[in-house]
Every structure is written in structure tokens, then in C-alpha cells.
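2 protein chains.
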Amino acid sequence: MIDKANNKATKNKITSRSEDYSQWYLDVVNMADLAENAPVRGCMIIKPHGYSIWERIQRVLDDRFKETGVSNVYFPLFIPEKFLNKEKDHVEGFAPEVAVVTHAGGKKLEEPLIVRPTSETIMYDTFGNWIQSYRDLPLLLNQWSNIVRWELRPRLFLRTTEFLWQEGHTVHETEEEGDERARQMLEVYRDIAENIMAIPVFTGVKSESEKFAGALRTYTIEAMMQDGKALQFATSHNLGQNFSKAFDVSFLGRNGEKQYGWQTRWGLSTRAIGGLIMTHSDDSGLVLPPRLAPTQAVITTISQSSDNEEIVEKANEIENMLKKESVRVFVDKRDLRPGEKFYEWERKGVPVRIELGAKDIADNSVVLVRRDNGKKVKVELPDLPKSINLLLEEIQTNLYNRALEYRNAKTKFVDNWEDFVKAIEEGNFVHAHWSGEKEVEAQIKSETKATIRYIPFRQEKEEGRCVKSGKPSLERAVFAKAY
Amino acid sequence: MIDKANNKATKNKITSRSEDYSQWYLDVVNMADLAENAPVRGCMIIKPHGYSIWERIQRVLDDRFKETGVSNVYFPLFIPEKFLNKEKDHVEGFAPEVAVVTHAGGKKLEEPLIVRPTSETIMYDTFGNWIQSYRDLPLLLNQWSNIVRWELRPRLFLRTTEFLWQEGHTVHETEEEGDERARQMLEVYRDIAENIMAIPVFTGVKSESEKFAGALRTYTIEAMMQDGKALQFATSHNLGQNFSKAFDVSFLGRNGEKQYGWQTRWGLSTRAIGGLIMTHSDDSGLVLPPRLAPTQAVITTISQSSDNEEIVEKANEIENMLKKESVRVFVDKRDLRPGEKFYEWERKGVPVRIELGAKDIADNSVVLVRRDNGKKVKVELPDLPKSINLLLEEIQTNLYNRALEYRNAKTKFVDNWEDFVKAIEEGNFVHAHWSGEKEVEAQIKSETKATIRYIPFRQEKEEGRCVKSGKPSLERAVFAKAY
Numbered sequence: 019m020i021d022k023a024n025n026k027a028t029k030n031k032i033t034s035r036s037e038d039y040s041q042w043y044l045d046v047v048n049m050a051d052l053a054e055n056a057p058v059r060g061c062m063i064i065k066p067h068g069y070s071i072w073e074r075i076q077r078v079l080d081d082r083f084k085e086t087g088v089s090n091v092y093f094p095l096f097i098p099e100k101f102l103n104k105e106k107d108h109v110e111g112f113a114p115e116v117a118v119v120t121h122a123g124g125k126k127l128e129e130p131l132i133v134r135p136t137s138e139t140i141m142y143d144t145f146g147n148w149i150q151s152y153r154d155l156p157l158l159l160n161q162w163s164n165i166v167r168w169e170l171r172p173r174l175f176l177r178t179t180e181f182l183w184q185e186g187h188t189v190h191e192t193e194e195e196g197d198e199r200a201r202q203m204l205e206v207y208r209d210i211a212e213n214i215m216a217i218p219v220f221t222g223v224k225s226e227s228e229k230f231a232g233a234l235r236t237y238t239i240e241a242m243m244q245d246g247k248a249l250q251f252a253t254s255h256n257l258g259q260n261f262s263k264a265f266d267v268s269f270l271g272r273n274g275e276k277q278y279g280w281q282t283r284w285g286l287s288t289r290a291i292g293g294l295i296m297t298h299s300d301d302s303g304l305v306l307p308p309r310l311a312p313t314q315a316v317i318t319t320i321s322q323s324s325d326n327e328e329i330v331e332k333a334n335e336i337e338n339m340l341k342k343e344s345v346r347v348f349v350d351k352r353d354l355r356p357g358e359k360f361y362e363w364e365r366k367g368v369p370v371r372i373e374l375g376a377k378d379i380a381d382n383s384v385v386l387v388r389r390d391n392g393k394k395v396k397v398e399l400p401d402l403p404k405s406i407n408l409l410l411e412e413i414q415t416n417l418y419n420r421a422l423e424y425r426n427a428k429t430k431f432v433d434n435w436e437d438f439v440k441a442i443e444e445g446n447f448v449h450a451h452w453s454g455e456k457e458v459e460a461q462i463k464s465e466t467k468a469t470i471r472y473i474p475f476r477q478e479k480e481e482g483r484c485v486k487s488g489k490p491s492l493e494r495a496v497f498a499k500a501y
Numbered sequence: 019m020i021d022k023a024n025n026k027a028t029k030n031k032i033t034s035r036s037e038d039y040s041q042w043y044l045d046v047v048n049m050a051d052l053a054e055n056a057p058v059r060g061c062m063i064i065k066p067h068g069y070s071i072w073e074r075i076q077r078v079l080d081d082r083f084k085e086t087g088v089s090n091v092y093f094p095l096f097i098p099e100k101f102l103n104k105e106k107d108h109v110e111g112f113a114p115e116v117a118v119v120t121h122a123g124g125k126k127l128e129e130p131l132i133v134r135p136t137s138e139t140i141m142y143d144t145f146g147n148w149i150q151s152y153r154d155l156p157l158l159l160n161q162w163s164n165i166v167r168w169e170l171r172p173r174l175f176l177r178t179t180e181f182l183w184q185e186g187h188t189v190h191e192t193e194e195e196g197d198e199r200a201r202q203m204l205e206v207y208r209d210i211a212e213n214i215m216a217i218p219v220f221t222g223v224k225s226e227s228e229k230f231a232g233a234l235r236t237y238t239i240e241a242m243m244q245d246g247k248a249l250q251f252a253t254s255h256n257l258g259q260n261f262s263k264a265f266d267v268s269f270l271g272r273n274g275e276k277q278y279g280w281q282t283r284w285g286l287s288t289r290a291i292g293g294l295i296m297t298h299s300d301d302s303g304l305v306l307p308p309r310l311a312p313t314q315a316v317i318t319t320i321s322q323s324s325d326n327e328e329i330v331e332k333a334n335e336i337e338n339m340l341k342k343e344s345v346r347v348f349v350d351k352r353d354l355r356p357g358e359k360f361y362e363w364e365r366k367g368v369p370v371r372i373e374l375g376a377k378d379i380a381d382n383s384v385v386l387v388r389r390d391n392g393k394k395v396k397v398e399l400p401d402l403p404k405s406i407n408l409l410l411e412e413i414q415t416n417l418y419n420r421a422l423e424y425r426n427a428k429t430k431f432v433d434n435w436e437d438f439v440k441a442i443e444e445g446n447f448v449h450a451h452w453s454g455e456k457e458v459e460a461q462i463k464s465e466t467k468a469t470i471r472y473i474p475f476r477q478e479k480e481e482g483r484c485v486k487s488g489k490p491s492l493e494r495a496v497f498a499k500a501y
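First to last, the protein sequences are chains U and B.
Take the first sequence: its position 47, counting from 1, is numbered 65 in the numbering used here, and each next residue is one higher.
Take the second sequence: its position 116, counting from 1, is numbered 134 in the numbering used here, and each next residue is one higher.
Accuracy of the hints is not assured; some may be wrong.
Which copy? The list can't say, so a pair holds if one copy fits it or any two copies do.
[What the hints assert, rightly or not] Pairs of lysine-lysine, DSS-like flavour, derived with a Cα cap of 25 Å:
1) Lys440 to Lys428
2) Lys126 to Lys100
3) Lys125 to Lys100
4) Lys84 to Lys351
5) Lys125 to Lys106
6) Lys359 to Lys84
7) Lys332 to Lys84
8) Lys396 to Lys351
9) Lys342 to Lys394
10) Lys104 to Lys276
11) Lys396 to Lys377
12) Lys377 to Lys341
13) Lys332 to Lys377
14) Lys440 to Lys430
15) Lys377 to Lys404
16) Lys229 to Lys100
17) Lys467 to Lys489
In case anyone wonders, no lab produced these hints; they're calculated from the structure.
None of these values were measured; they are calculated from a predicted model.
Please put together the full structure from these sequences, using the hints given.
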């Protein structure tokens, strides 16, 4: 038993961001009880607190998808190997990272099965049967599931061999409708990133080298982490007719002739939790934006055993009062030292801590402590429901603004190679002219580790010269190092 | 395209139960658009309507689990082969049906990985690290996930190689607490089966031969299908200390000494949807109980193109009126023949159809059609919200009572072998004395295909003689053929 206890005790301080950013991230994940490495290489165990954040993301996204007419489905985990080979770019992109089932039920399989790295092929094989005529369109589907992509350098949430996600798949009658849907879903992600998760994001198009294997165009949402690196928060792909032609996703058109569907695919994974952590958290641990937080306020009782009963009773009363106002509240009535409780909720990122002791009850008030900046506010008990909702919204806004200010300060426009290299080294999002050539993009990446994160949607045409090749260019791409 | 259309058209009538029960079941699944066979042997594709039923089950169960203090987690899909070997009974039970990943990331793996057939071993390897002292108990966790068990005779929902489920896992300080939790969760399942899904169920204990591989005792919920066969709706296992000793799920007890945890495990899968279908559905298709139904009422507009606009407007008005009363309602405003619409919602099992045409609007009334018995009721529009809620509850009760009457008529008490064989052949639940010997149980199974479904919890001690061996017995077991 001593070994176990020691094992748990070995780490109880969070490394500061300035000291070691990577270690800080892992410490926050560990100390907030979000996840841990599994005994299977590259996989993770998502602990209750981490999973409750994923459940909140699921609920918010799922409701939004359904508002736009999307239904959920479930397709098999296993994909026959021959399916994957049907779309050329797709198989090239995924073949190196798949896990393969070769034996089952005590026998060697005739055809190996791939554990899904994404579900295009298994879904589209069936879609054709579901669509007879243009009247069956649009087909608007989504799937919540686990995904496996063999990962050589795993990191909790950010890159794991198995991860959880949703993948939306739609089929449309026209190219315009397909593109509109791809952009509509990107907008859903943007809205949730910014308005629920308080993460300011950029939207744009991926370059040809960075787009999804098999897509016509990949739209992306990019967020800036606290080390200036980019994190791809979600993507939405306009697949064009690449897959519909390979898998015969066809239908009888209005003109009475066979036509191929226009398809989209859009996804967000548990990786977004990594982005959430790295956007808001500080050297004391996790910081959760109130609109997303599974628990928005925790009532911590501060009691001697003599007055414990009265305080717990009052805490329950306040809990009920707040629940009526739709505040997600939890009462921590454990018999622990107050400091111990405070510290736990701080590192778990709960937006507001409500301290309640004998003195507070005598005053008919409570002390609210903000997680985002540590400030304390004393509130009269009758004002609490109103005050706390205002405070939660204030915290939400503050977190967003803080992240936005940071990002603004770390966004640079450069026009020559020297400035480009310096800006990338210092961890910025760098807007620079690029000649549009794949080779130049690759060269920039190999020299600076920066990739094109996105090409902004709306930019004025601007004549310039590629920072690397010196060739003429009409628009800027945004470069950064990325997770 | 003609092939596709033909393919869809080949089957548009449901075989009657009396003609061919097995085909009836598959026809209902197909015609209600619930699921279909996947191109991967033994796996299924759950279609939007089928998945929406699973989502309702998930929501209802998940809320109930959380009310009892349970949190959700996520453990890896892959289990190192050596883990499975740690608990002797467990590996014997599952080894023959696992799928094995031998290659990944382009290489042969040093140790093969098992695709989880259940998660005891991967979870319990970690639980020991999470529990330091009795203060960390009880540990109350649940996981929603996909499971793979190689299936040689697959049938949609009832037996599939991959299925969806939840598995709850708890650790307790004492044997009593563990047993209490196992029974508490059984009670949650019973309540949801009976009060939400309108399925009357029996609860009891499994015999030693039928219990879960590695459990001390398996508690079960058994439902009777419309062919008199039993379906195991859910199980809850008291694992005792079998796994905690194999995986060192230990903690520092109140006495300062190392102790092993007392564990439980309880689960319900997409198989329950098979049970739901076979309890209520009829020769016209699926029948859904209102409290579970994703859509409780569908408003079907009956219009000529001339009056279409007015009718759709009225339908939307009624939709909003019902949504305010928390009725899950959908408007079918498609430009199809009324009969076509009626037929679709009938086979999809929506509890109430609301017919709305020009004449109804003139009368300021609507016609409600019950799915359970086809009866029509004319309702004045202002009375609709109240009437529909009463009607939905009436349907719920009627479905439960109908299933209960059927089950009562097909439950027999027998005291000799001849009667036993006859009662089993006629598709009954048969209460019979059994000497408690494994060999006799096996003999009964091989001669009649009947297994012991459960040994009832509360029964008066009753002296009798085993129907097969003639040896003395103090209680009855319940035998039936089963899915």
C-alpha cells in the first residue's frame, strides 16, 4: 500500500508555463484529474472530470446539429480492407496509421479488418442504397464514436491512438448546397468555440497539402494556444464528388438521369479538450469557461465538527436556490481542511467557489471566489442567484477577451524571410505572402517547422511577393507551428 | 439506378407473426428503418430511427445512473492479451469470441491487442491506483461504448458481433455494500423496463452455469417475447473479490490493513431494442411506448395543393402548442398521398398520429389515431394538449398490460417431466423444481433447449422433487427457451 500512496504523492505541484510549457500541460491534465495514459501504448483513460467536459461538448454540439436537421447513426467499427482502397488519396492518407484485426473467433480471417480511422468508406458503401432519387436528399447524418489512428508520439487529448469524436456526413443534390453545408457546420463549430468554450478562433481554407485525404476543400478552425502554437479545433470538408464516384453514391436526378451526390464531412474530437486546456488554464491548474463547465459553482463548507450540521443544511439550501436558477452547482461537504478543498476545486477549474462557514451564515452572506482571477466578492444571500449569474457571464467574457488579447499580440504580418523566421521562432501566427507552390510550402516547413494553418476566407486582394520564393502572390496565408 | 430502386422495392410487406415469427422480426426492423446488416459479417448499421431509440434509452438510463452518484469514464478499446488471462473464469468465457489486432502502424505488434469484449480487465488494472484508502470508496463508474464479441449466428440487435452498451463498474468497502449496489442497479433496469419501455420483467439470480464469467452472483432481468421465448434484458453482477484479488484492487482499510474491494458490474446493450421490438410490435410494424418514443406524436397534413399553405401553418401552430406541453412532436408536411404517410408512421411505431386536413380546420378539431389499437378519437383543438397527454399515458398503460396478460397466460408451474417438456415446447416460462445440479441443468438444456432463466428472488420454501432427476428440491427455477 505504501507504494501506491507514494506513487500518488510523487507529483502534487504544477510546473509553471514559463519553466516548461509541455510539462505544465501534462501536470494540469494530471492534477485536474482529467485523463491518464493507459497501459496500452498511445491510448488514454478519460477520468470522470475529463469525461464530464466531453459530455458537455457532446450535448452542446449534438443539440446544434439536430437544430440543423442532422440525425445520428451508427456504422461498424470494422472496415473491410478493400473498402479503404477505393478512394486513392484516402487510402494513401490513412493506410500507414491503421490497426488491423487479422484473427477473430479463434480463426484467421479471410480478409483482414481495419479498425476505423474515419468512416467515409464504410458509410458511403451504404449511402448509395439509401438514396434513390433527388427527393431523398439532402442526407444529413452524424456519428459519435471512437477512432483509431496509430500514434507514434502520443500526448493526452492532443494526439492519442484512440480518441473520441463525432463525424458528420452529408449528401446533397448540388455543388452549391454541399459547399453551403460544409461552411454552415464550420460556423456551428466557430460559434461553440467562441461562445461556449470562450476560445477565439480563425476560420479559413487549408492548403492543398494540408487538406483531408480525399477532400476537394478543407475548411478549418484554428485556435492559438498559450505558447503561440496553433491547434486545429475542428474541420469541415467539402468532399465534392470524389467519394460519391468511388462508392456510387448516386441518385436519379430531376432530369431523370443518374447523378453523383455532393458530399461533406465535418468533425470535432476529444482533441478540442486539449485546446480548451491550453487556452485558459494557468499555473494553478485548469480554468473552465462557465458556459461549458460541468460544474459552474462549488459550495465548500468550512466547518468545525460542532457546527457542521447547520452549515451543511445551509449549503443544501443554497444549492437548491441556485439549481432553480439553472446554475450547475455542487456541494463539497467533505470533512477536510478548507485549504485542501479550495486547492482541489482550483486545479479542477470550477469557475466560482462559494465559501460558506459559520461567520457567513451569521452575516447572511457568502464569499464568491473567481477562478479566472482569484478575486473575492462578498454577496448577501438573497442577491446570490442574480449575482452569480452575472458573475459567471463576466468570467465567460473575461476568459474570451484574455485569450483574444493574447492572440492579437501574437499575430504578425511580415513581408520578408528574415522577419518570417523570427516571428515563427517567437511563436506567432504569421500572415505572409506565399506563391501557392507545394514545394515552397514544404521548404518553409522543413526550415522553420511552420505549416500553413489556413488561408483566410475574406481578404482583400493584395499584391505581394512570396516570403520564401519571391514570386508574385495575391493573398496571404497564415503560418504557425502547430500541435 | 433501376437495380437500386428494385432492390428497395423487393420487400414492402411485413410477414405476419403467425406465418413466420423470425421473418416478422426482421421485417419489422427493416420496414421501420431501424437497422440493417453491415457489409462486415455479424455487424449492423443502426439507422437514424433505430439510433434515436438508443439515444432515448441512453438519456433515461444515464440520468438515473447519475442520480445514484455514478460518473462516466472512458477506457481504451484495446486490451493487452495478458490482462485477459489474469482472471481464470473470465478468460475461459471470453477468449473464444474475441477479435485480435496483430498489426498496427504498418508493423506487427509485439503483443497482440484484444478488441474489448467487456472492460473488467483494462479497468481494474487501473482502479487499484485510484483507490488508496476506504475514504476513496465507493468508486461508482460507468462507460458507454462499443463492444466486440465474434458472433456466428448474428441477428439484428439481438446478437451482433459489434454492439453498443453501457457497463457500470463499482468498488465497495464491504460485501454487503457491493451486493446492495448490484441489486440497486438491477432495480434501475427493472424500473426503466417496466415504467418507460412498458416491458413487464422478472428479476432473479442466474444459476452457476449461466452466470457471468468471473462473477460471484449474476442478477438478471428477463422479459418474455411474443413467441414465449425469454430475452435477458439486462444483468447486474456481484463480482465479490474475484477480480479485485486478480488485479490488486486494494485499499487501506479502517483497521489500517490492506483489503480487497468488493466489486459490481452491470450492463444493458442495444439488445434491449430487440426486446422492445418483440414485446410490443404487431403485424403492421413497430409499436413504441410513448414514454420512450423519440417522437410521440406525428402531425400528418392532408392537403390539396390549393389549401396546402393554410394547413401547414395550422400544423406548425399545433406543433408549438404541443411542444409547450413537452410532447415530442413532428410535422410531416411532405407532399405525399395521406395513405403513404399514415403507413410510414404506422410501421415506424409512433404512438399517436394527428390527422389534419381542411375539414378538421373548419371544425376546429383534429383526429387522433392510436398506434396500439388503431382507434380514432376526434378532439376539439383547445382540448388537444390535455387530451394527448392523457392518451399517451393510456397507451403506455395499455401496452404494459397487454404484455403482462400475455406473459401471465404463458407462465406455467409444472411438477413432472412430461408436463415440463410440453410447456417448454408450447413456449412458456416454466416454474419447476430442480435439484441444483449442473449436470441435470445441462441434460434439460440438451433435451429441450430450455435454460434456467432465473431463480426468483422471493419465493416461499416449497418441498418438491426435481422434474428431471426426481431428487428433493426446496425451490423452483424458471426455465424457458431464450434468445
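Any hints from earlier that this structure breaks? Give me their numbers in increasing order, please. none
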